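Enquirer: In case you want the letters, here they are:
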Amino acid sequence: MPNIRNFSIIAHIDHGKSTLADRLIQMSGLVEDRKFRDQILDNMDIERERGITIKSQAITLPYEDKTGRTFALNLIDTPGHVDFSYEVSRALASCEGVLLLIDAAQGVEAQTLANLYAAMEHDLEVIPVINKIDLPAADVDRVREEIEIDLGLDSDTAILCSAKQGTGIEAVFEAIVHRIPPPADNNKARLRALIFDAHYDPFRGTIVSCRVFEGCVRPGDTIRLMNNNARYKVEEVGIFRLAKEARKELCAGEVGYIISGIKRVSDTRVGATITLDHEPAPAPLPGFRDIRPVVFASLYPVASDDYRALADALEKYTLNDAALTYQKDSSAALGLGFRCGFLGLLHLEIVQERLEREFDQAIVMTSPTVQYQFQLTSGDRVLVDNPLYYPDPTTILQGFEPYIRASILLPERYMGVVMELCTERRGVNARFSYPTVGRVEIRFDMPLGEVIYDFYDRLKTVTQGYGSFDYDLLDHRESDLVKLDILLNGERVDALSQIVHRDGARSRALRICNRLKEEIPRHLFKIAVQGAIGGTIIARSTIAPFRKDVTAKCYGGDITRKRKLLEKQKKGKKRMKMVGAVSIPQSAFVAVLKSENE
Amino acid sequence: MKPLGTGSDDLTGHGGDRPPSAGLYVHIPFCRQKCPYCGFFSVPSPALIRPWMKTLLKEILLYEEGFGPFDSLYLGGGTPSLLSIPELTRIMTHLRAHFQFRPDTEITLEANPCDVSPEKLWGLRELGVNRISLGVQSFDARALAFLGRRHTVRDAENAVRHVKEAGFDNISLDLIYGFHAQPLQSWKETLHQAVSFAPAHLSCYELTIENRTYFGKLVQTGGLSPLSPDEARTCFLITSRLLEAYGYTHYEISSFARPENRYARHNWKYWRHAPYLGLGPSAHSFVNGRRWWNVRSVRTYMALLNRDERPVGGVEDLTESQLRLEAVALGLRTREGVATDRIGPSMEAQSRLSHLTDAGFLEICNGRVRPTRKGFLVADYLPAYLC
Chain A
80 MPNIRNFSII
90 AHIDHGKSTL
100 ADRLIQMSGL
110 VEDRKFRDQI
120 LDNMDIERER
130 GITIKSQAIT
140 LPYEDKTGRT
150 FALNLIDTPG
160 HVDFSYEVSR
170 ALASCEGVLL
180 LIDAAQGVEA
190 QTLANLYAAM
200 EHDLEVIPVI
210 NKIDLPAADV
220 DRVREEIEID
230 LGLDSDTAIL
240 CSAKQGTGIE
250 AVFEAIVHRI
260 PPPADNNKAR
270 LRALIFDAHY
280 DPFRGTIVSC
290 RVFEGCVRPG
300 DTIRLMNNNA
310 RYKVEEVGIF
320 RLAKEARKEL
330 CAGEVGYIIS
340 GIKRVSDTRV
350 GATITLDHEP
360 APAPLPGFRD
370 IRPVVFASLY
380 PVASDDYRAL
390 ADALEKYTLN
400 DAALTYQKDS
410 SAALGLGFRC
420 GFLGLLHLEI
430 VQERLEREFD
440 QAIVMTSPTV
450 QYQFQLTSGD
460 RVLVDNPLYY
470 PDPTTILQGF
480 EPYIRASILL
490 PERYMGVVME
500 LCTERRGVNA
510 RFSYPTVGRV
520 EIRFDMPLGE
530 VIYDFYDRLK
540 TVTQGYGSFD
550 YDLLDHRESD
560 LVKLDILLNG
570 ERVDALSQIV
580 HRDGARSRAL
590 RICNRLKEEI
600 PRHLFKIAVQ
610 GAIGGTIIAR
620 STIAPFRKDV
630 TAKCYGGDIT
640 RKRKLLEKQK
650 KGKKRMKMVG
660 AVSIPQSAFV
670 AVLKSENE
Chain B
2 MKPLGTGSDD
12 LTGHGGDRPP
22 SAGLYVHIPF
32 CRQKCPYCGF
42 FSVPSPALIR
52 PWMKTLLKEI
62 LLYEEGFGPF
72 DSLYLGGGTP
82 SLLSIPELTR
92 IMTHLRAHFQ
102 FRPDTEITLE
112 ANPCDVSPEK
122 LWGLRELGVN
132 RISLGVQSFD
142 ARALAFLGRR
152 HTVRDAENAV
162 RHVKEAGFDN
172 ISLDLIYGFH
182 AQPLQSWKET
192 LHQAVSFAPA
202 HLSCYELTIE
212 NRTYFGKLVQ
222 TGGLSPLSPD
232 EARTCFLITS
242 RLLEAYGYTH
252 YEISSFARPE
262 NRYARHNWKY
272 WRHAPYLGLG
282 PSAHSFVNGR
292 RWWNVRSVRT
302 YMALLNRDER
312 PVGGVEDLTE
322 SQLRLEAVAL
332 GLRTREGVAT
342 DRIGPSMEAQ
352 SRLSHLTDAG
362 FLEICNGRVR
372 PTRKGFLVAD
382 YLPAYLC
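These protein sequences, in sequence, are chains A and B.
Be aware that the first sequence starts at 80, since it is given in our numbering, and climbs by one per residue.
Be aware that the second sequence starts at 2, since it is given in our numbering, and climbs by one per residue.
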């Protein structure tokens, strides 16, 4: 397979990954300029808006080098957030090399380093690329020095380019072709293909993106997913150009897609190995991990009669997102809804946004929580991932909460503030290492429940964006857990209940009370907002009533105007949730989750 | 708050939400000068009166068929009293020639206190005008100065006297309150003085700052500050209590009648979705769920009519749910309220309704949901909450 190269682009945020990808696609001649959409790989609106890549995708670029040899270059895009680190690792596992992109003005950043480690873990050829050399603030010499010192790479091998202006792109192509090793030629072996992405197509079903490591797969073959032994008949294989392009076969070293009657994306797993049913490989490729939701929250329709519509939307949504798990749930305040499991907070936000935007669902989401364990006097040990099912406190012997090993990479100068942040979030057992001069890696054992709120946002704030964060789940540890309830005029809003550590309960309660005071509009009557543990009120705020809302005149010309105002008001009301006589705007449920410093 | 004497039927004479007879409005869009608070359409160009009248007569012809008979005619503005008796006679003659009026039609003319000489008043009576709405605004010199009125307190007092002496027994006084230049005590004195003339009707408007007025601009630039909601609330409550103590019925947010059958028959139509035809620039019309409004420019109005086109600036056809929302919104601005069945039957609507009655904003009486005095104060909030 001498003419195939499989690579990824990895970079710190904003260092120009999407721009470089666009430029490579454009210069490869795959697409005419006038058809060119910016950032072609990020094809979902949210990704475009947030500038992050959620789903990885691949594209095969034709390239002819200076000597006239033709190549197929497979660019595999990677998601850029800690929630999706597993997807990233599977994308990298499908490559032989990476372009490590560095901003010529910003230099090496924490994520650059983390990305480098990830690439090295997969034994990939790393090509440093210094981008944005056209910027007035570009300082190539300094960046070269950082590449030598911070990354330990040979800076003479770095390629200079400006993806925006299109300079140096030729050199990038040459490096891909001549420095990244070709994939191993294993056509004769039994089929092993790694799934690194899957997406749903309403006409074709699930389209699996995979890298073939060994053997070949052809239409008509019966394939088997080695994680669950499900069998499917292959309808079509092919590669990704701008659109799918069918091929006779996909063989070792190639990157492409398989369509095989898999109905929903959740029937597949990123990281799973595909083999042939009649000639299975003896073992799957290494690194498979099943989806493990770590954050849980409930979704409710704002209007209770929209429950059916939400159920349909979720079903459709999961056609394309295997990571979201859900089951029926109900709440006294919010009616029927769904309890959902997410990979992390970003995943949660993305699901919420996509349900609202693409499926036009007005939803209320409850406070996210992790999975707690309680040892009861009866001898049972129960798992609780929903505050609604917090056991009767008199029956609890001990509570346990999940801990993670947080690993934070940052420039040394931010160590103080990060340490403070971590200890505030009950981090213990701090360990330090200094991978390079001026940079430090801090490891903490921390309760996951402290991280899911706003830890990542806060970390980015206190380190001005320089801190990177990753975590592994450790174990469950004993913890003094209580259930914090929020009451509006004495009525419990079960959707706002949370399980928290006793020490943090009061400040959390106070913060929520104040947040709700800002978010809930004035009513005709006074509203008491209270935080309570059991029967004890631990925090309180009051929303004063409005006492006058009337305009003096309403004659012929005023009526239409008035009605339009009322219609607007009514529309706003539709997005409110009633608890007792209090209408709570959807924004209030979101606001209680946000950082206090925003 | 005083209950309504004999139930809803008295006010409309038709009962329930059944629409009463049609009303006719004529907008006379001329003033000597613009008042700094007034958002109604008018121009200070008396020279346009004559050419405009010609086109008004053309507009009358456009609607000759299909409307009426009317039982109310309202000459508003602007300042209709700016027109001379011969001019008004021409309009009235035309209206009578092309429209049908019931014998007991209420004919109201809005008048500026400066314009009501005894002679003019006699002329108006001859024309059949039987109700005068007098723009007194205040009996306090400082308040009048603040409001930029050209009449004095004495002018106002004389005007009321002349109107009464001319034999008008259906008099309405317009008053404005709720601004810092008129302390609460002064407002109360204005009310006492107004009542001393025993008018059948009082319109007490809280000063509303409208963006397109001079006051609106002043507020934006910080040159004027409106009352706080609490201060405005106090003024409203004092007004209501004081006038009810004098025997007036507070039958609409800003309207008081004594006895209660002297409610403003024409205005009532606006609040009941009764059919009405509006003539003149910026006038609104409503019939069978369709509302349209004339252009807000004298010149465009004239130009269109001179081309034999309707001077209409916009039309809307209300859907069933829009009609319902309006009916509730308008109804809850009146003491008569709305029929209970206009509030949706859903559990949620019913629980909100009972919440509002429990809290004393609304009361249910003879199959109608009515705002209390406290409910009047939040009348803009209630409909969206209930519907």
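Take these hints with a grain of salt, some might be off.
[Said to hold, decoys possible] Below, a list of computed lysine-lysine pairs in the DSS-like style, where the Cα atoms sit at most 27 angstroms apart:
#, chain 1, residue 1, chain 2, residue 2
1, B, 35, A, 647
2, A, 641, B, 35
3, A, 632, B, 59
4, B, 55, A, 632
5, B, 218, A, 596
6, A, 605, B, 375
7, A, 643, B, 189
8, A, 641, B, 218
9, B, 189, B, 121
10, B, 375, A, 643
11, A, 649, B, 375
12, A, 652, B, 375
13, A, 562, B, 375
14, B, 375, A, 653
15, A, 650, B, 35
16, A, 632, B, 375
If you are wondering where the hints come from, they were derived from the structure by calculation, not from laboratory data.
Computed from a predicted model, the values in this text were never measured in an experiment.
Enquirer: Of the hints given before, which are not true for this structure?
Expert: 1, 3, 4, 5, 7, 9, 13, 15
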